[in-house]
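> With the hints as extra help, turn the sequences into a complete structure.
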Amino acid sequence: ALDALAATRRAAGLPATSLAWGLWADATGMTGELDEADLARMERTGIGALPAELGLELFDESLRLDAALLVPIQLDLAALRTQARAGMLPALLRGLVRAPARRREATGGSLAQRLAGVAEADQEQVVLDVVLAQVASVLGHASGAAIEPGRAFKELGFDSLAAVELRNRLSQVAGLRLPATLVFDHPTPVEAARLILSLVGGPGGAEQPSPLDQELQRLEALLIAVAGHEKQIASAEPRLRSLSNRLRALLSTTGTEDADDDDTFEDDLDFASDSDMFDLIDKELGSA
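Under UniProt numbering, read the sequence shown as residues 1 to 288, first letter to last.
These aren't lab readings, by the way, just hints derived from the structure by calculation.
Note that the coordinates shown come from a computational prediction; the quantities given were computed from them, not determined experimentally.
Just so you know, even glycine gets a beta-carbon here, dropped at the ideal spot from N, CA and C.
Treat the hints with care, as some may be off.
Across the chosen pairs, the derived CB separations fall in these ranges [stated by the list, open to error]: (1) LEU96 / HIS229: 16 to 22 Å; (2) ASP122 / ARG151: 29 to 35 Å; (3) ALA112 / ALA11: 30 to 36 Å; (4) ARG94 / ASP122: 37 to 43 Å.
Next up, the structure:
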């Protein structure tokens, strides 16, 4: 609302600037709820905390700029480059750094080749070690040695943001496009490892996801990525509702439209706000 007000005033020739502040170093308000793992996760993404002195300097600078919307934020370019090389840099920040093109096939091939040289009985443990290492990185641990592989992600301290980071990390390491719902469809490191093993062609491995599955996974990822972007969602609401109606019509041809649980879940998504979408993920993690 403030962004729209600033844009409207600017269009009318009146002064206005909306500041979308980044993370402040002072532990007040929302930042007071962040723990060390949350802060470390943000630092890994290249978003640093603003000291009060720097924040005030950016405020003064914003008054000298002719713009309706500015984003005072502290970015770590080295961390952004690391994220870019790993293929995990958000689209909004990709223009800030240059990184070599991703070599997804090589990454996936290295894991498959590694498994090819391992006895079938030991392959699951190899993949599990990979999963535990990434879990440890997300949680800020030095290694995955102390992580219980059969313990639920929620019990390990995962929230929805950590779940997304883990999915991204495992997708990159395995060279796969894993679903955004990974951590509650497969709620323990053991189960996640078994899924990855099946997808890279381990014993009893499943086929690669169909084109439809891949597109649905992209849609699931998008639903999580747009959280917090209320203006984008509002502008696309007519198309989203039209798409929802088309999906309902399509599902009505499958003979499963009378499934009460599915209808309830779809209704939940229809009326869910951005924060509600993350709450749904947290609930799924908690019930796993």
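> Which earlier hints turn out false for this structure, listed by number in ascending order?
Structure breaks hints 2, 3.
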